[in-house]
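In terms of this note's numbering, the sequence shown has 30 at position 30, counting the first letter as 1, and numbering is strictly consecutive.
The hints are simulated quantities; they were obtained by calculation from the structure and are not laboratory data. Some hints could be false.
Straight line, CA to CA, 27 Å or less: simulated DSS-like cross-link-like pairs of lysine-lysine [unchecked claim]:
| id | residue 1 | residue 2 |
| --- | --- | --- |
| 1 | 99 | 81 |
| 2 | 196 | 81 |
| 3 | 107 | 93 |
Values in this document were obtained by computation on a predicted structure and should not be read as measured data.
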Amino acid sequence: MKTKIVFATGNIDKMKEIREILEGVGADILSMAQAGISMDIEEDGTTFEENALIKAKAVAGKTDAIVLADDSGLEIDFLDKQPGIHSARFMGKNTSYDKKNRELIKKLKGVPKERRTARFVCAVAAVFPGGETYVARETVEGYIGEEPAGENGFGYDPIFYLDEFGCSSAELSREQKNEISHRGKALRAIRSELEKRI
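Sequences and hints are given; from them, build the entire structure.
Structure (structure tokens):
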């Protein structure tokens, strides 16, 4: 029987990215909904790693599959690393990213490029049947642009610019983004752990 991996998310865009990066790992990758799991998980950790593990352990209690969960966000140095672990809930959970992005650009009005440094952080946690855990954390460095640009990304991608590409994360192709993104790097680190066990 094929190994199952449940990824603790309901985010369709994220699931698409995860499947592309973990393609060929030798397991069926299901979202929580596809696995028939519905629960509200309170992410009350103080770090990305803690929150990823909280989610993974909660879902692992409902399935005998391997469970993966991630917690990711945007740290802006000028704003004391905000929104950080509160990235998804910044300005309220139901506020559109268009509004969130414009608000962050407003907060950085007049701030020169060299002080607009930022990074995307992603921690991916794995809980294996039997309770063993593994966490990988990766980052990608960039800066906050003065205008949102691009249609390819989601979340904060349109305002996160990368010097080496001279554009926003949302202007990269899916392949480029998966190659350099925080989530891509963290999932590849987790992938090597999965391959030892599948």
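For each hint, the structure was consulted:
1. A distance of roughly 19 Å separates the Cα atoms of residue 99 and residue 81; the hinted pair therefore holds under the 27 Å criterion.
2. The straight-line distance between the Cα atoms of residue 196 and residue 81 is roughly 35 Å, outside the 27 Å bound, and the hint therefore fails.
3. For a cut-off of 27 Å, the pair hint linking residue 107 to residue 93 stands: about 19 Å separates their Cα positions.
Going through the hint list in order, the structure does not satisfy hint 2, though it satisfies all others.
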